[in-house]
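Whole structure, please, built from the sequences with the hints as guidance.
The numbering used here applies: residue 137 is where the sequence shown begins, and numbers increase by one.
Possibly wrong hints are sitting among the right ones.
Stated by the list, open to error - In silico DSS-like cross-links for lysine-lysine, where the CA-CA straight-line distance does not exceed 30 angstroms:
id, residue 1, residue 2
1, LYS282, LYS271
2, LYS175, LYS371
3, LYS161, LYS233
If you are wondering where the hints come from, they were derived from the structure by calculation, not from laboratory data. From a predicted model like this one, the values you see are computed outputs, not experimental measurements.
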Amino acid sequence: MIQFKTQQKVYEIGKVKIGGQPGEKFAVLIGSIFYYGHKIVKDEKTGEFEKNEAEKLVNLQEEMSDKTGIPALLDVVASTENSLYRYINFVAEVTDKPFLIDSPSTKVKVTGAKYTREVGLEKRVIYNSILPDSKPEEFETLTECKIESAVVLAYKSNFITSQDRVNVIKELLPKIEKAGITKPLLDTFVIDIPSLSLACKAMLILKSEIGLPCGCGAHNAIATWSGIKTRFGPKAVKSCTISVNLIPIVFGADFILYGPIEDCCYIFPAVYAINASYKYVRQMGEHLEF
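Shown next, in the form of C-alpha coordinates:
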(Lines of atoms letter the chains of each structure in order from A and count residues from 1; the text may use other names and numbers.)
(Lines give C-alpha, C1' and ligand atoms only; values in the text may rest on other atoms or scores of the structure.)
Protein backbone atom coordinates (compact mmCIF):
# COMPACT_ATOMS: atom_id res chain seq x y z
CA MET A 1 0.00 0.00 0.00
CA ILE A 2 2.97 2.33 0.62
CA GLN A 3 5.20 3.53 -2.20
CA PHE A 4 8.30 5.59 -1.39
CA LYS A 5 9.29 8.32 -3.86
CA THR A 6 12.94 7.93 -2.89
CA GLN A 7 14.76 5.08 -4.61
CA GLN A 8 15.06 2.19 -2.17
CA LYS A 9 18.38 0.38 -1.68
CA VAL A 10 18.42 -3.40 -1.90
CA TYR A 11 21.32 -5.23 -0.28
CA GLU A 12 22.36 -8.75 -1.12
CA ILE A 13 23.88 -10.39 1.95
CA GLY A 14 24.92 -13.91 1.16
CA LYS A 15 21.96 -15.33 -0.74
CA VAL A 16 19.37 -13.03 0.84
CA LYS A 17 18.13 -9.67 -0.45
CA ILE A 18 16.98 -7.02 2.02
CA GLY A 19 15.32 -3.72 1.15
CA GLY A 20 13.18 -2.23 -1.60
CA GLN A 21 9.64 -1.00 -2.05
CA PRO A 22 6.90 -2.67 0.04
CA GLY A 23 5.35 -5.44 -2.01
CA GLU A 24 8.34 -5.83 -4.33
CA LYS A 25 10.26 -8.01 -1.91
CA PHE A 26 9.10 -9.68 1.27
CA ALA A 27 10.48 -8.41 4.56
CA VAL A 28 13.13 -10.70 6.05
CA LEU A 29 12.06 -12.37 9.30
CA ILE A 30 14.79 -12.98 11.88
CA GLY A 31 14.31 -15.46 14.70
CA SER A 32 16.49 -15.49 17.81
CA ILE A 33 18.20 -18.71 18.90
CA PHE A 34 20.27 -19.49 22.03
CA TYR A 35 18.79 -16.41 23.69
CA TYR A 36 18.83 -15.93 27.47
CA GLY A 37 16.65 -18.60 29.05
CA HIS A 38 16.32 -20.67 25.88
CA LYS A 39 15.45 -24.20 26.95
CA ILE A 40 17.77 -25.83 24.41
CA VAL A 41 20.81 -24.23 26.08
CA LYS A 42 22.26 -26.47 28.79
CA ASP A 43 25.14 -24.21 29.85
CA GLU A 44 25.25 -20.56 28.80
CA LYS A 45 28.93 -20.17 29.73
CA THR A 46 30.29 -23.12 27.75
CA GLY A 47 27.67 -23.02 25.02
CA GLU A 48 26.58 -26.59 25.53
CA PHE A 49 23.18 -27.08 23.92
CA GLU A 50 20.80 -29.73 22.63
CA LYS A 51 21.95 -29.97 19.04
CA ASN A 52 19.04 -32.06 17.79
CA GLU A 53 16.48 -29.66 19.25
CA ALA A 54 18.34 -26.66 17.85
CA GLU A 55 18.42 -28.23 14.41
CA LYS A 56 14.69 -28.93 14.60
CA LEU A 57 14.03 -25.26 15.31
CA VAL A 58 16.24 -24.11 12.44
CA ASN A 59 14.50 -26.57 10.11
CA LEU A 60 11.08 -25.42 11.32
CA GLN A 61 11.89 -21.81 10.46
CA GLU A 62 13.26 -22.94 7.07
CA GLU A 63 10.06 -24.89 6.46
CA MET A 64 7.92 -21.85 7.22
CA SER A 65 10.16 -19.77 4.96
CA ASP A 66 9.74 -22.26 2.10
CA LYS A 67 5.95 -22.40 2.54
CA THR A 68 5.49 -18.63 2.56
CA GLY A 69 8.36 -17.45 0.36
CA ILE A 70 9.47 -15.15 3.18
CA PRO A 71 13.27 -15.01 3.68
CA ALA A 72 14.41 -16.15 7.13
CA LEU A 73 17.59 -15.50 9.10
CA LEU A 74 18.92 -16.41 12.55
CA ASP A 75 19.91 -14.00 15.30
CA VAL A 76 22.58 -15.96 17.19
CA VAL A 77 22.66 -14.77 20.81
CA ALA A 78 25.49 -15.64 23.23
CA SER A 79 26.75 -14.45 26.60
CA THR A 80 30.35 -15.75 26.39
CA GLU A 81 33.06 -16.08 23.75
CA ASN A 82 33.14 -19.87 24.01
CA SER A 83 29.40 -20.20 23.61
CA LEU A 84 29.39 -17.90 20.58
CA TYR A 85 32.13 -19.97 18.90
CA ARG A 86 30.03 -23.11 19.31
CA TYR A 87 26.85 -21.44 18.12
CA ILE A 88 28.55 -19.96 15.05
CA ASN A 89 29.99 -23.34 14.08
CA PHE A 90 26.58 -24.96 14.45
CA VAL A 91 24.72 -22.34 12.43
CA ALA A 92 27.33 -22.35 9.66
CA GLU A 93 26.90 -26.11 9.46
CA VAL A 94 23.09 -26.28 9.30
CA THR A 95 22.39 -23.31 7.01
CA ASP A 96 24.13 -21.51 4.18
CA LYS A 97 22.28 -18.26 4.84
CA PRO A 98 23.66 -15.13 6.53
CA PHE A 99 23.22 -14.84 10.30
CA LEU A 100 23.41 -12.17 12.98
CA ILE A 101 25.86 -12.33 15.87
CA ASP A 102 24.38 -10.83 19.00
CA SER A 103 25.37 -10.47 22.65
CA PRO A 104 24.81 -8.10 25.56
CA SER A 105 28.62 -8.07 25.86
CA THR A 106 30.68 -5.94 23.48
CA LYS A 107 33.69 -8.16 24.15
CA VAL A 108 31.78 -11.25 23.08
CA LYS A 109 30.51 -9.62 19.87
CA VAL A 110 33.97 -8.33 18.95
CA THR A 111 35.56 -11.71 19.61
CA GLY A 112 32.80 -13.38 17.60
CA ALA A 113 33.37 -11.03 14.67
CA LYS A 114 37.08 -11.84 14.69
CA TYR A 115 36.30 -15.54 14.80
CA THR A 116 34.06 -15.34 11.74
CA ARG A 117 36.94 -13.73 9.86
CA GLU A 118 39.29 -16.51 10.95
CA VAL A 119 36.97 -19.23 9.67
CA GLY A 120 35.96 -17.39 6.49
CA LEU A 121 32.39 -16.51 7.40
CA GLU A 122 32.68 -12.72 7.46
CA LYS A 123 30.61 -12.25 4.27
CA ARG A 124 27.71 -14.09 5.91
CA VAL A 125 27.75 -12.14 9.16
CA ILE A 126 25.51 -9.26 10.19
CA TYR A 127 26.90 -7.56 13.29
CA ASN A 128 24.11 -6.85 15.79
CA SER A 129 24.45 -4.03 16.61
CA ILE A 130 26.18 -0.62 16.36
CA LEU A 131 24.78 2.31 18.36
CA PRO A 132 26.00 5.75 19.48
CA ASP A 133 27.67 4.29 22.59
CA SER A 134 29.59 1.65 20.63
CA LYS A 135 33.28 1.66 21.47
CA PRO A 136 36.05 2.45 18.94
CA GLU A 137 37.12 -1.18 19.27
CA GLU A 138 33.90 -2.28 17.59
CA PHE A 139 34.41 -0.03 14.57
CA GLU A 140 38.05 -1.11 14.30
CA THR A 141 37.04 -4.77 14.44
CA LEU A 142 34.46 -4.34 11.69
CA THR A 143 37.14 -2.78 9.50
CA GLU A 144 39.77 -5.41 10.27
CA CYS A 145 37.36 -8.30 9.77
CA LYS A 146 35.96 -6.87 6.53
CA ILE A 147 32.40 -7.34 7.74
CA GLU A 148 30.06 -5.58 5.33
CA SER A 149 26.74 -5.57 7.17
CA ALA A 150 25.61 -4.42 10.61
CA VAL A 151 22.40 -3.51 12.38
CA VAL A 152 22.49 0.21 13.20
CA LEU A 153 20.41 0.74 16.33
CA ALA A 154 18.69 4.08 16.95
CA TYR A 155 19.12 3.96 20.71
CA LYS A 156 20.50 6.79 22.79
CA SER A 157 19.67 7.60 26.41
CA ASN A 158 16.89 10.20 26.75
CA PHE A 159 16.32 10.27 22.99
CA ILE A 160 12.65 9.34 22.74
CA THR A 161 10.86 10.79 19.71
CA SER A 162 10.76 9.40 16.19
CA GLN A 163 12.86 12.34 14.99
CA ASP A 164 15.42 11.58 17.71
CA ARG A 165 15.72 8.09 16.24
CA VAL A 166 16.19 9.48 12.75
CA ASN A 167 18.88 11.87 13.96
CA VAL A 168 20.75 9.11 15.80
CA ILE A 169 20.82 6.97 12.66
CA LYS A 170 21.99 9.83 10.45
CA GLU A 171 24.81 10.64 12.88
CA LEU A 172 25.95 7.01 12.90
CA LEU A 173 25.94 6.41 9.14
CA PRO A 174 29.23 8.23 8.36
CA LYS A 175 30.97 6.31 11.16
CA ILE A 176 29.86 2.91 9.98
CA GLU A 177 30.65 3.79 6.37
CA LYS A 178 34.19 4.67 7.46
CA ALA A 179 34.38 1.27 9.20
CA GLY A 180 33.60 -0.47 5.92
CA ILE A 181 29.94 -1.26 6.54
CA THR A 182 28.40 -1.00 3.08
CA LYS A 183 25.13 -2.75 3.94
CA PRO A 184 23.67 -1.11 7.06
CA LEU A 185 20.30 -2.30 8.37
CA LEU A 186 18.56 0.49 10.26
CA ASP A 187 16.82 -0.59 13.47
CA THR A 188 14.54 2.16 14.75
CA PHE A 189 14.48 0.70 18.28
CA VAL A 190 11.50 -0.81 20.05
CA ILE A 191 11.68 -1.31 23.81
CA ASP A 192 8.02 -1.27 24.85
CA ILE A 193 4.49 -0.75 23.54
CA PRO A 194 4.64 3.09 23.34
CA SER A 195 7.95 2.99 21.46
CA LEU A 196 6.58 0.74 18.70
CA SER A 197 4.62 3.51 16.99
CA LEU A 198 7.54 5.92 17.30
CA ALA A 199 9.85 3.33 15.76
CA CYS A 200 7.46 2.80 12.85
CA LYS A 201 7.21 6.53 12.18
CA ALA A 202 11.02 6.82 12.27
CA MET A 203 11.19 3.95 9.80
CA LEU A 204 8.84 5.75 7.41
CA ILE A 205 10.91 8.92 7.64
CA LEU A 206 14.21 7.13 7.01
CA LYS A 207 12.92 5.12 4.07
CA SER A 208 11.33 8.21 2.54
CA GLU A 209 14.45 10.36 3.03
CA ILE A 210 17.41 8.02 2.45
CA GLY A 211 15.91 4.75 1.21
CA LEU A 212 18.00 2.35 3.28
CA PRO A 213 16.59 -0.95 4.60
CA CYS A 214 14.76 -0.40 7.90
CA GLY A 215 13.18 -2.59 10.54
CA CYS A 216 13.05 -3.23 14.26
CA GLY A 217 12.89 -5.76 17.06
CA ALA A 218 9.12 -5.43 17.38
CA HIS A 219 8.82 -8.35 19.80
CA ASN A 220 10.46 -6.23 22.53
CA ALA A 221 7.14 -4.44 22.89
CA ILE A 222 5.67 -7.62 24.37
CA ALA A 223 8.81 -9.08 25.96
CA THR A 224 9.01 -6.09 28.31
CA TRP A 225 5.27 -5.99 29.09
CA SER A 226 5.37 -7.59 32.54
CA GLY A 227 1.64 -7.39 33.30
CA ILE A 228 0.21 -8.89 30.13
CA LYS A 229 -0.45 -12.38 31.53
CA THR A 230 -1.97 -11.03 34.74
CA ARG A 231 -4.29 -8.69 32.91
CA PHE A 232 -5.30 -10.77 29.88
CA GLY A 233 -4.20 -14.35 30.60
CA PRO A 234 -1.31 -16.42 29.17
CA LYS A 235 -2.91 -16.85 25.73
CA ALA A 236 -2.70 -13.10 25.16
CA VAL A 237 1.08 -13.25 24.76
CA LYS A 238 0.98 -15.02 21.39
CA SER A 239 -1.79 -12.90 19.92
CA CYS A 240 -0.07 -9.68 21.01
CA THR A 241 3.29 -10.94 19.75
CA ILE A 242 1.76 -11.50 16.33
CA SER A 243 0.13 -8.07 16.28
CA VAL A 244 3.25 -6.10 17.22
CA ASN A 245 5.29 -7.91 14.57
CA LEU A 246 2.69 -7.14 11.91
CA ILE A 247 2.56 -3.39 12.53
CA PRO A 248 6.02 -2.62 11.07
CA ILE A 249 5.27 -4.93 8.13
CA VAL A 250 2.19 -2.86 7.29
CA PHE A 251 4.37 0.26 7.33
CA GLY A 252 6.88 -1.22 4.89
CA ALA A 253 9.60 -2.70 7.13
CA ASP A 254 12.40 -4.54 5.33
CA PHE A 255 13.26 -6.81 8.25
CA ILE A 256 11.82 -7.79 11.61
CA LEU A 257 13.55 -9.39 14.58
CA TYR A 258 10.42 -11.24 15.60
CA GLY A 259 11.70 -12.83 18.81
CA PRO A 260 12.19 -16.48 19.84
CA ILE A 261 12.55 -18.79 16.86
CA GLU A 262 9.77 -21.00 18.28
CA ASP A 263 7.27 -18.31 17.26
CA CYS A 264 8.02 -18.78 13.55
CA CYS A 265 4.94 -20.99 13.13
CA TYR A 266 2.75 -18.03 14.19
CA ILE A 267 4.65 -15.12 12.66
CA PHE A 268 5.34 -16.37 9.13
CA PRO A 269 1.71 -17.15 8.17
CA ALA A 270 0.54 -13.84 9.67
CA VAL A 271 3.14 -11.87 7.70
CA TYR A 272 2.31 -13.89 4.59
CA ALA A 273 -1.28 -12.65 4.77
CA ILE A 274 -0.06 -9.04 4.76
CA ASN A 275 2.36 -9.78 1.92
CA ALA A 276 -0.37 -11.33 -0.21
CA SER A 277 -2.58 -8.29 0.28
CA TYR A 278 0.26 -5.86 -0.45
CA LYS A 279 1.22 -7.73 -3.61
CA TYR A 280 -2.31 -7.39 -4.98
CA VAL A 281 -2.51 -3.69 -4.10
CA ARG A 282 0.82 -3.13 -5.86
CA GLN A 283 -0.46 -4.89 -8.99
CA MET A 284 -3.52 -2.63 -8.95
CA GLY A 285 -1.38 0.49 -8.56
CA GLU A 286 -3.24 1.51 -5.41
CA HIS A 287 -0.34 3.16 -3.57
CA LEU A 288 0.03 5.76 -0.86
CA GLU A 289 3.16 7.74 -1.72
CA PHE A 290 5.64 8.96 0.89
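Do the hints match the structure? See the list:
no.: 1; hint: LYS282 x LYS271; verdict: holds, 17 angstroms
no.: 2; hint: LYS175 x LYS371; verdict: holds, 20 angstroms
no.: 3; hint: LYS161 x LYS233; verdict: holds, 17 angstroms
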